[in-house]
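Trainee: Listed here are the chains, written in short residue letters.
Number of protein chains: 2
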Amino acid sequence: MRSVSIIGAGITKFGEHWERSFRELVVEAGIKALQDAGIEGKQIQALYGGCMASGMFIGQEHIGALIADQLGLNPIPSTRVEAACASGGVALRNAYLAVASGAYDIVAVGGVEKMTEVSTTIATQALGGAGDEETELFFGATFPALYALMARRHMEEYGTTEDQLAMVSVKNHKNACLNPYAQFQKEISVEDVLNSGYVASPLKLLDCSPITDGAAALILCETNLARKICERPVEVVASAQASDSLALANRKSLTELRATKIAAREIYEKTGLKPKDISFAEVHDCFTIAEILAIEDLGFFEKGYGGKATEKGLTALNSEISINPSGGLKGKGHPVGATGVAQAVEAYLQLRGAAGKRQVKDASFGLTHNVGGSGATVVIHVFKAIEGKR
Amino acid sequence: MRSVSIIGAGITKFGEHWERSFRELVVEAGIKALQDAGIEGKQIQALYGGCMASGMFIGQEHIGALIADQLGLNPIPSTRVEAACASGGVALRNAYLAVASGAYDIVAVGGVEKMTEVSTTIATQALGGAGDEETELFFGATFPALYALMARRHMEEYGTTEDQLAMVSVKNHKNACLNPYAQFQKEISVEDVLNSGYVASPLKLLDCSPITDGAAALILCETNLARKICERPVEVVASAQASDSLALANRKSLTELRATKIAAREIYEKTGLKPKDISFAEVHDCFTIAEILAIEDLGFFEKGYGGKATEKGLTALNSEISINPSGGLKGKGHPVGATGVAQAVEAYLQLRGAAGKRQVKDASFGLTHNVGGSGATVVIHVFKAIEGKR
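Chains as they are written, first to last, in the numbering used here: chain A, 9 to 398; chain B, 9 to 398.
So here's chain A without its partners, still in its complex pose (with noise of 0.2 angstroms):
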């Protein structure tokens, strides 16, 4: 398998975009890709697109060539990977595979969400279409009342509690504040978080991420040819996904993703390195429980230790890791098939010391982590600068 390489990355501003159509943040995040990478769009030889509901959100399917359309890049190949909240995340790992096959050289992806469309009942449905429709759904289990079953088993297990939820929160608010992307451009107090009212008992609203509407695209292109076209490529290290039951019911652990487990596992051998290699990472806090589960089940934590860890202040900006430096799913905002292409788009701009007030010093390793549903996938990148043409 060939190396592959990020030579550019377009993101819009993630919001609630009442005056914008899910069209028009498409284009927008792939010009910008386009232009930061500095080539043309028939450079481009294919196209994966990460899209969660688009069906139930906006009455559209067929995504994949609804992306080419509206870039104008027909007729090239467009594919559109759906894997509930880690759409973008998979579709990043199909372009990725699509590129390190030799099928072609440079390939654009891409992940979307417009969630504002429709009321929150139907948005409460579309997501909980991303868990076990007919266990959990059906019988009123909408997610947020999923992690609050992982939240107080951790809870009970480990004493992690409701005000070390809510540091994640306030750190992730405040990392926020400093990425103009960001959905949420103000910082939060633990207090504000604990007043916030119960959404699913312990999870309070604020330990929720937002309805978001927004887009995020990347160029990859292999590596021997982004050396010569781009200054600073951002290597796609390594690349792992892994599948666990739909239904929390199924699991063993509620206080662990397995899949997060396995696929990091594969991570780390595949690359060698070890948890404190990594520098920072964008994992998926969909819910603040999610954040403390992620950097324990990655690794960069003992298990239980996640809640503490989190209130030592161990995880936040140019800590021992920085967690979530673009502010999270819970300051940056989670337009659900959008997510995992900006986790990664976050990556490529902290590993090019482009992150203005968020940057993360000495970056050399980032991770990004990106789950679907309650844990049933998850996908795993690391990537690193690499020289390119001087």
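Watch out, some of these pointers could steer you wrong.
Remember, identical chains collapse to one label, so a pair may be satisfied in a single copy or spanning two.
[As the list claims (entries may be wrong)] Straight-line Cα separation of at most 20 angstroms, SDA-like style, residue types lysine to any residue; simulated pairs:
hint	residue 1	residue 2
1	Lys40	Gly23
2	Lys50	Arg273
3	Lys282	Gly49
4	Lys260	Gln78
5	Lys278	Pro83
6	Lys269	Gln53
7	Lys278	Tyr112
8	Lys316	Ser197
9	Lys50	Glu274
10	Lys269	Asn82
11	Lys320	Arg31
12	Lys365	Ser327
13	Lys278	Gln53
Derived by calculation from the structure, the hints in this document are not laboratory data.
For this one, chain A is given, so just place chain B on it according to the hints.
Mentor: Just chain B now, kept in the frame of chain A:
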């Protein structure tokens, strides 16, 4: 890129499965494919699933994880691909690329759709999401209407008749009678079609493929390995995919699918094959006019001659070229996400001489042609049988 072959296939009966769930269909096709390949589930390294609109049809997304879960194949990576009615073909292509890349040696591909759980209104809306929701479906242009425009223009330009359209349906029903997995096991006459009532003039009910439940699955394997474990592998000789505008109004011609022509050209260039080298083709006859466009755009007949060729019987089983020996979408049924995989299942059976009463004699190369929407995605594969273990 490495060579890739099919070593096993499975398919459910296509039809109205009132008593069976989406999940049961997935399991049946998957297990049959594994049994046919003579391998165990644990030998599968990744899964790809094609599904168009499960969110709208059954309230469930995250179909990749669902398939892995239902087949007991966690924690391997599992990816759902959506490209409207070409979802199955594009899933096959991505699975093919994943094996060709060297990322995996053995991969399973599934296609599935359960369309009968919703009202016809919802089904029409879901399927309309394959076209341009903003400029077509929103204004009432459902799928039969779009293909009716193409049919009318083809009649105007080339003198194609409603009788000739009907003959496509008559032929495909005849072939379907020889296929135990087909939805319709009933021969029909040209008169039956002409008297079946207009859906969108000139297309009548029996010019249209039906609403169908069904699933199909394939096991792909790197070819050197395939030769060791399978007596008669079927090699994927070439794969090509192309895109066109989502909306019909943005196309230069209504009497051809540009994406078919582009993908076909790529297939012929890659393989050195000519249309006359193809023994049979499973083409995307979602409407009778679609088969006529396909056999012209694939180069089997001159542009404008598709209707006459059908009338002369040149596309019948074991004539000049056997078109849709399985019965096609019209006769076999069209569970949209499954269709592209089912086409490849038919190619596999035919090339191994295992197609029973519908066997194409002396079949050398078989082609599958899968269309998304009104032609915005087209994916074509060519297959041939090769020597395996003795």
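Trainee: With reference to the structure, classify each hint as holding or not holding.
Mentor: Consistency of the hints with the structure:
In the homo-oligomer, the alpha carbons of Lys40 and Gly23 lie at most 20 angstroms apart inside one protomer (18 angstroms), although the nearest pairing across protomers, at 46 angstroms, exceeds that limit. In this assembly of identical chains, the alpha carbons of Lys50 and Arg273 lie at most 20 angstroms apart only when taken from different copies (19 angstroms versus 38 angstroms within one copy). In this assembly of identical chains, the alpha carbons of Lys282 and Gly49 never lie at most 20 angstroms apart, being 38 angstroms within a copy and 31 angstroms across copies at closest. Taking the closest pair of Cα atoms, Lys260 and Gln78 come within 20 angstroms of each other only across two copies (17 angstroms); inside a single copy the shortest separation is 45 angstroms, beyond that limit.
Taking the shortest Cα distances, Lys278 and Pro83 sit within 20 angstroms of each other only across copies (17 angstroms), while inside one copy they are farther apart (36 angstroms). Taking the closest pair of Cα atoms, Lys269 and Gln53 come within 20 angstroms of each other only across two copies (17 angstroms); inside a single copy the shortest separation is 34 angstroms, beyond that limit. In the homo-oligomer, the alpha carbons of Lys278 and Tyr112 lie at most 20 angstroms apart only across protomers (14 angstroms), although the nearest pairing inside one protomer, at 23 angstroms, exceeds that limit. For the identical chains of this complex, Lys316 and Ser197 are intra-copy neighbours only, at 17 angstroms inside a copy versus 75 angstroms across copies, given an alpha-carbon limit of 20 angstroms.
In this homomeric assembly, Lys50 and Glu274 come within 20 angstroms of each other (Cα to Cα) only across copies, at 17 angstroms, whereas the closest approach inside a single copy is 35 angstroms. With identical chains, the CA atoms of Lys269 and Asn82 are at most 20 angstroms apart between copies only, with a shortest distance of 13 angstroms across copies and 39 angstroms within one. Taking CA atoms no more than 20 angstroms apart as the test, Lys320 paired with Arg31 passes in neither setting, with 43 angstroms inside one copy and 46 angstroms between copies. Taking the shortest alpha-carbon separations for Lys365 and Ser327, only the intra-copy value of 15 angstroms comes in at or below 20 angstroms, while the best inter-copy value is 70 angstroms.
For a Cα distance limit of 20 angstroms, the shortest separation of Lys278 from Gln53 across copies, 16 angstroms, qualifies, whereas the shortest one inside one copy, 28 angstroms, does not.
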